[in-house]
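Number of protein chains: 2
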Amino acid sequence: MRLTRFHAPTLKETPADAEVVSHQLMLRAGMIRLVHRGCYDFLPLGLRVVRKIENIVREEMDRAGANEVLLPMVQPKELWVETQRWDRYIQEGLLAHFKDRSDHEVCLAPTAEEVMTDLVRKDVQSYKQLPINLYQIHWKFRDEIRPRFGLMRGREFLMKDAYSFDRDQKAAYVAYDGMFAAYKRIFQRCGLAFRPVEAATGAIGGNKSHEFQVLAETGEDTIVACNKCEYAANVELAAIAKDMKVEHDPASLEALKKVATPGKKTIDDVAAFLQLPATSTVKTLVYQWSKDEKPADKDVVLVMALVRGDHTLAEEKLKKALGAKWLKAAAEADVVEKVGPLGYLGPVNPKTKVDVFVDFAIAGMKNFVMGSNADDTHYQGANHTRDFTPTKLADLRTAQAGERCPRCSYDDKETGAKAKLGTFEIKRGVEVGHVFYLGTKYSTAMKATFKSENGKEMPFEMGCYGIGVTRVAAAAVEQNHDKDGIIWPAPIAPFQVLVMTASVDKPEVVAAADKLYEELKAKGIDVLYDDRAERAGFKFKDADLIGIPYRICVGAEKFAKGVVEAKIRRTAVEVELTPADAIAWAIDNVKRDLAIP
Amino acid sequence: MRLTRFHAPTLKETPADAEVVSHQLMLRAGMIRLVHRGCYDFLPLGLRVVRKIENIVREEMDRAGANEVLLPMVQPKELWVETQRWDRYIQEGLLAHFKDRSDHEVCLAPTAEEVMTDLVRKDVQSYKQLPINLYQIHWKFRDEIRPRFGLMRGREFLMKDAYSFDRDQKAAYVAYDGMFAAYKRIFQRCGLAFRPVEAATGAIGGNKSHEFQVLAETGEDTIVACNKCEYAANVELAAIAKDMKVEHDPASLEALKKVATPGKKTIDDVAAFLQLPATSTVKTLVYQWSKDEKPADKDVVLVMALVRGDHTLAEEKLKKALGAKWLKAAAEADVVEKVGPLGYLGPVNPKTKVDVFVDFAIAGMKNFVMGSNADDTHYQGANHTRDFTPTKLADLRTAQAGERCPRCSYDDKETGAKAKLGTFEIKRGVEVGHVFYLGTKYSTAMKATFKSENGKEMPFEMGCYGIGVTRVAAAAVEQNHDKDGIIWPAPIAPFQVLVMTASVDKPEVVAAADKLYEELKAKGIDVLYDDRAERAGFKFKDADLIGIPYRICVGAEKFAKGVVEAKIRRTAVEVELTPADAIAWAIDNVKRDLAIP
Numbered sequence: 004m005r006l007t008r009f010h011a012p013t014l015k016e017t018p019a020d021a022e023v024v025s026h027q028l029m030l031r032a033g034m035i036r037l038v039h040r041g042c043y044d045f046l047p048l049g050l051r052v053v054r055k056i057e058n059i060v061r062e063e064m065d066r067a068g069a070n071e072v073l074l075p076m077v078q079p080k081e082l083w084v085e086t087q088r089w090d091r092y093i094q095e096g097l098l099a100h101f102k103d104r105s106d107h108e109v110c111l112a113p114t115a116e117e118v119m120t121d122l123v124r125k126d127v128q129s130y131k132q133l134p135i136n137l138y139q140i141h142w143k144f145r146d147e148i149r150p151r152f153g154l155m156r157g158r159e160f161l162m163k164d165a166y167s168f169d170r171d172q173k174a175a176y177v178a179y180d181g182m183f184a185a186y187k188r189i190f191q192r193c194g195l196a197f198r199p200v201e202a203a204t205g206a207i208g209g210n211k212s213h214e215f216q217v218l219a220e221t222g223e224d225t226i227v228a229c230n231k232c233e234y235a236a237n238v239e240l241a242a243i244a245k246d247m248k249v250e251h252d253p254a255s256l257e258a259l260k261k262v263a264t265p266g267k268k269t270i271d272d273v274a275a276f277l278q279l280p281a282t283s284t285v286k287t288l289v290y291q292w293s294k295d296e297k298p299a300d301k302d303v304v305l306v307m308a309l310v311r312g313d314h315t316l317a318e319e320k321l322k323k324a325l326g327a328k329w330l331k332a333a334a335e336a337d338v339v340e341k342v343g344p345l346g347y348l349g350p351v352n353p354k355t356k357v358d359v360f361v362d363f364a365i366a367g368m369k370n371f372v373m374g375s376n377a378d379d380t381h382y383q384g385a386n387h388t389r390d391f392t393p394t395k396l397a398d399l400r401t402a403q404a405g406e407r408c409p410r411c412s413y414d415d416k417e418t419g420a421k422a423k424l425g426t427f428e429i430k431r432g433v434e435v436g437h438v439f440y441l442g443t444k445y446s447t448a449m450k451a452t453f454k455s456e457n458g459k460e461m462p463f464e465m466g467c468y469g470i471g472v473t474r475v476a477a478a479a480v481e482q483n484h485d486k487d488g489i490i491w492p493a494p495i496a497p498f499q500v501l502v503m504t505a506s507v508d509k510p511e512v513v514a515a516a517d518k519l520y521e522e523l524k525a526k527g528i529d530v531l532y533d534d535r536a537e538r539a540g541f542k543f544k545d546a547d548l549i550g551i552p553y554r555i556c557v558g559a560e561k562f563a564k565g566v567v568e569a570k571i572r573r574t575a576v577e578v579e580l581t582p583a584d585a586i587a588w589a590i591d592n593v594k595r596d597l598a599i600p
Numbered sequence: 004m005r006l007t008r009f010h011a012p013t014l015k016e017t018p019a020d021a022e023v024v025s026h027q028l029m030l031r032a033g034m035i036r037l038v039h040r041g042c043y044d045f046l047p048l049g050l051r052v053v054r055k056i057e058n059i060v061r062e063e064m065d066r067a068g069a070n071e072v073l074l075p076m077v078q079p080k081e082l083w084v085e086t087q088r089w090d091r092y093i094q095e096g097l098l099a100h101f102k103d104r105s106d107h108e109v110c111l112a113p114t115a116e117e118v119m120t121d122l123v124r125k126d127v128q129s130y131k132q133l134p135i136n137l138y139q140i141h142w143k144f145r146d147e148i149r150p151r152f153g154l155m156r157g158r159e160f161l162m163k164d165a166y167s168f169d170r171d172q173k174a175a176y177v178a179y180d181g182m183f184a185a186y187k188r189i190f191q192r193c194g195l196a197f198r199p200v201e202a203a204t205g206a207i208g209g210n211k212s213h214e215f216q217v218l219a220e221t222g223e224d225t226i227v228a229c230n231k232c233e234y235a236a237n238v239e240l241a242a243i244a245k246d247m248k249v250e251h252d253p254a255s256l257e258a259l260k261k262v263a264t265p266g267k268k269t270i271d272d273v274a275a276f277l278q279l280p281a282t283s284t285v286k287t288l289v290y291q292w293s294k295d296e297k298p299a300d301k302d303v304v305l306v307m308a309l310v311r312g313d314h315t316l317a318e319e320k321l322k323k324a325l326g327a328k329w330l331k332a333a334a335e336a337d338v339v340e341k342v343g344p345l346g347y348l349g350p351v352n353p354k355t356k357v358d359v360f361v362d363f364a365i366a367g368m369k370n371f372v373m374g375s376n377a378d379d380t381h382y383q384g385a386n387h388t389r390d391f392t393p394t395k396l397a398d399l400r401t402a403q404a405g406e407r408c409p410r411c412s413y414d415d416k417e418t419g420a421k422a423k424l425g426t427f428e429i430k431r432g433v434e435v436g437h438v439f440y441l442g443t444k445y446s447t448a449m450k451a452t453f454k455s456e457n458g459k460e461m462p463f464e465m466g467c468y469g470i471g472v473t474r475v476a477a478a479a480v481e482q483n484h485d486k487d488g489i490i491w492p493a494p495i496a497p498f499q500v501l502v503m504t505a506s507v508d509k510p511e512v513v514a515a516a517d518k519l520y521e522e523l524k525a526k527g528i529d530v531l532y533d534d535r536a537e538r539a540g541f542k543f544k545d546a547d548l549i550g551i552p553y554r555i556c557v558g559a560e561k562f563a564k565g566v567v568e569a570k571i572r573r574t575a576v577e578v579e580l581t582p583a584d585a586i587a588w589a590i591d592n593v594k595r596d597l598a599i600p
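For the protein sequence lines, the chains are F and V, in the order given. Residues are numbered in this note's numbering as their position in the first sequence, beginning at 1, plus a constant of 3. Residues are numbered in this note's numbering as their position in the second sequence, beginning at 1, plus a constant of 3.
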């Protein structure tokens, strides 16, 4: 494509309202333009990136045996009422909805569980038609309250959403694993560093879920990733290796004694006052919980959760350890009435009997400081089991960098190989995909059933699998850029090779560049040709900004010596090659980058 | 693709609510499913057709030098207010609109003149950046009051819309001609019989316009097409060759005489009463018109329009002949007061002086019957010029089958070659595309200007060019089907070749079919393999219904003799070939069908 015939208006200045680097660079490189809140025009360069990602997604979904369909973007209220999501989504404000001219309520699709389940219940009646996995790549609209960050959190976005329908949970898990594998291939083929991350199952239902996070220092999400194995998880959920049981030498245990700590209610204050590190303290948090999702008052129970003073309690983990469906920090009045004074809480002698859940990290501690349930007083020399009986030892804390990976540790125990020990690193990421086992939540609600092998009507076992296609483009920029601009991974670059002339006034130089361009094009390479009559410096700046992986520049001086400049955008490595060698260089690089594993 | 792994649920019965054949067959063939009024799921087979059409459109738009972009489907009211179309579209009811959660009014894109013009005015400042032609292939929503006929008149549909921006009218016409040529290539490549048809410019503005009509007996639109040349037009607009001037022998002219025609007010009644054919009569219609679009009463003038008794007046043509911007049938009271009694109107002695516009067909007539402006009385032996003076002779009538083509007639006059004479045929068509010269209507309204060569700010000269991609799919079915199902033109068929086994219980037969399928797939052919364990008759029926152009069937009996059946869906011609020859046969046919001209 000749740049003189291609609408790619670059900007010198960073637009003031663009906060994140992908937003800034995609605006500056002439890839997107704002139309109104969270809704963008995709200019030709930006659209080419989106289409390349879309094609990789499509190829891998097809390879995994899914069938592509396309559902309406305007959906009828009736289907959303069947799953009781209409009111909830309206309440959350994300659902753009209106009455059509025939007075029917409709919404713009933010997701498609209902419409897809409806499609399948219309035409799939027998277990013989299963498994089935249908996907679409289509535009969605979510009326975000604060759309921002360009394509990172827009209101209108391109999404691949797939839905699997199976005869039982085992088959549904096979579908899930197939999608998990396809997602790994997709992000690998996009040329991105990423991690599949164990995720909370949240409100959508189901109990098996992974997020796919593109790693980027500027990412919104914090994740914990092992430095040795593939394990990664949401920081709230990351399982931590159980500390080895420590049998302390009884002689080393101090006696439990009360110590006055007047007005010292926080860990920091207590530790400073007693001149001890926070790692020698234990804090006690009080929660109320229930096994019901919407419990009556009588079904709510108090519990104490103990974590080391410098650790953070992970509520999701406490919930899991309790088997709770509902969990909330206890009201202050309740705590004072049933446990002890705020700031001095502890597991010994609470005012009423309350279960004590203790984090693994405390298992290895001895002679620690904790509250005494009496005003202005703490205990020193506290030891669990001796001084109080934990109801349960559990993984309750938020993971930190340096903690041991549960997977690697397990491997380690079996083999004794020290090389397999891994520790956690904290990474930041951009969520670009999500795989989710749904069970029969939607199929049951919508009476979507099939006749099973023994003739019984059964609800479909479902999974749903999303990829934010336009978000992948933004995440790729967050991960791949420098001060001069974008550094596209070749498989999703708008063009793989940029040809340019540095000397537009020399006919033989222009002719040589023309020839390079035509030859690369004839070889099937996506090549952009900067044939503009602009200064070389201006064109170099645009080239770096737009970020095409391989650049070939024909300049008068070097061309007189029979060579052109071939430069790799990412490494800035530049070599001089004959035009024929430059073509071979570009083709070799692109072929390697685009090879399908 | 193996049909056992492909969601293509066919239906035996024609759904009751499907009125037109494309709707019926696309439902039955498992291509689409209704979700709610005018909004459909595209199942895998249907989506493949849409994607094939989309790809042809994209390739030809790119070849013509247009750049692909993508605009939001949710558009802000502000832009529509600039062109004063918000209120008008709301009034017409087609615009789906709502307030978003930040209380901004937005609409679902039914078209994109505003957003595209906004995009261009943001980034195009100089004539040096012109010409520019931007297109998108995107979903549109129009809240039709009576959506029906499946994809023919849905509410949600896929559309290619392009917009050209040029420095002056001459350049805009070049853009127009480029799109006209691209459209011809697109519909040729889709394998469709079509006509570009001169069209009314209507309310959208501008004065140069063609519709592209796919010919089909079931089409909604009536068009007039020359049987010799390419000329075709909307039946209301088709120019008719001017009749040669006839110098009647004065001796052959009868005298003008009044004849009593009591109560005979219609052409049929008068002709029957006088025992003359309707072709010997002339009817007089009275209109009021003005040069203003919204005229004041004082600027409205009456006019008589005369056409042969059996002809129909084309109001658009009368408007053009008058140079009118506003035209309406005159009110009865006005006619009676200013011309004569209804049913007896004529050009001689009207009550007040009124211009007389006369259709070309009357130029060659003599001794005709017409009204006398007196009750219960007509004239016989009337002759124009002698008995009344036409203000203007003009092309005023709706074209009929058999009339002479103005293009061919002109050729004929110059060369004398009788072979070049063409006559009109009446055809029916489905409008699938529209090219439109817009001028500066939108650019002026939106202050979208560029600096011209002489430094002056000028509004862009624009054109817009649409193709209803999903409508093309439906039109293709309307044109290509028989009683058994669809007959897809190969370039837009969901698959080009269908392989099937007639004997699923014979392993060697199944193995042969497997091999055929794999080999064709390896050759890059889109092949569907009906590997279902169903009866042969059932599979043949589905094959005819789905309409894949080439079918290869492996049956036990013939396979034992070393041959398979190769059948062309359109012609039903069936041959027996060795498996190797069948592969070559399929590839040859598909290559020829898909060749790019």
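Derived by calculation from the structure, the hints in this document are not laboratory data. There may be inaccurate statements among the hints.
Note that identical chains are pooled: a pair holds if it fits in a single copy or bridges any two copies.
[What the hints assert, rightly or not] Once the Cα atoms are required to be at most 30 Å apart in a straight line, the calculated DSSO-like pairs of lysine-lysine come out as:
id : residue 1 : residue 2
1  : K294      : K509
2  : K294      : K260
3  : K544      : K331
4  : K80       : K102
5  : K231      : K544
6  : K211      : K450
7  : K544      : K131
All of these numbers come straight from a predicted model, not from anything done at the bench.
We went through each hint and held it up to the structure:
1. K294 x K509: neither (80 Å within a copy, 58 Å between copies)
2. K294 x K260: neither (37 Å within a copy, 105 Å between copies)
3. K544 x K331: The answer is neither: 54 Å in one copy and 62 Å across copies each exceed 30 Å.
4. K80 x K102: Answer is both; intra-copy 10 Å and inter-copy 17 Å each pass.
5. K231 x K544: Classified as neither: same-chain Cα gap 39 Å, cross-chain 58 Å, threshold 30 Å.
6. K211 x K450: For K211 and K450, the Cα distance is within 30 Å only inside one copy (23 Å; across copies 55 Å).
7. K544 x K131: between (59 Å within a copy, 21 Å between copies)
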